[in-house]
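The listed protein sequences correspond, in order, to chains D and C. So the first sequence is numbered by our numbering: it starts at 1 and just counts up by one. So the second sequence is numbered by our numbering: it starts at 1 and just counts up by one.
Hints listed in this document are in silico derivations from the structure and should not be mistaken for laboratory results. We put the beta carbon where it would ideally sit given N, CA and C, even for glycine. One or more of the hints may lead you astray.
Among chain D residues calculated to face chain C with C-beta under 10 Å, some are [to be verified]:
1. Met1
2. Thr14
3. His29
4. Ala33
5. Arg97
Protein chains: 2
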Amino acid sequence: MKHSTGSYYAVIFTSELNDNPEGYTEMAHKIEALAKQQKGFLGIDSAREKTGITISYWETLEDIKNWKTQSEHLIAQQLGKEKWYKKYTVRVCKVEREYGK
Amino acid sequence: MKHSTGSYYAVIFTSELNDNPEGYTEMAHKIEALAKQQKGFLGIDSAREKTGITISYWETLEDIKNWKTQSEHLIAQQLGKEKWYKKYTVRVCKVEREYGK
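Model the full assembly from the supplied sequences, consistent with the hints where possible.
Put into structure tokens, the structure is as follows:
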């Protein structure tokens with residue numbers, strides 16, 4: 001993951017898919033590839049079992065807003081929200097501290 | 001998930017496991033069960049593929065601090081950080097807004 005010079009933000013996207021989410025995998029890859037080219041993009045983590053979790057990291061709230069507009073446009077073209085997701089939650093968060101190994 | 005009356009926090013834990021993380025699954029279940037009993041606990045989301053992601057939600061930073069002390073004590077008893085994790089990152093975040101369906 002790239003490092004932000006100051007504070008940064010995380011967008012937590014949790015979802016449950018419908019039983020037959022046609023076109024979902026292709027679109028998910030496309031969206032991830034596009035996210036990586038956006039201004040302010042720092043990194044992404046994702047995993048799916050019953051619940052899918054994707055966390056993307058961004059330099060500013062403005063970067064997140066721009067990305068939201070773009071990604072929603074893509075998904076809307078595919079009517080994706082209705083087709084793919086049984087439910088989903090988006091949480092925009094400010095990372096206050098981090099540690100690890 | 002329980003709803004907080006005001007603002008709330010998310011602890012994002014991402015990790016990669018070692019090849020033979022002996023005792024990990026049992027301990028992960030034990031820790032999740034214990035988290036659910038803590039003051040200020042609101043909910044948890046988790047999924048694992050190559051990367052494991054666990055996000056727990058809490059009412060206050062004080063609740064997170066208390067939980068950190070307790071969970072680290074449990075894990076330390078098992079020497080878990082050395083045995084289980086190739087690497088991990090913990091991010092403490094303030095949830096600024098959320099939406100979904």
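Quick rundown of the hints versus the structure:
no. : hint  : verdict
1   : Met1  : holds (9 Å)
2   : Thr14 : holds (5 Å)
3   : His29 : violated (14 Å)
4   : Ala33 : violated (18 Å)
5   : Arg97 : holds (5 Å)
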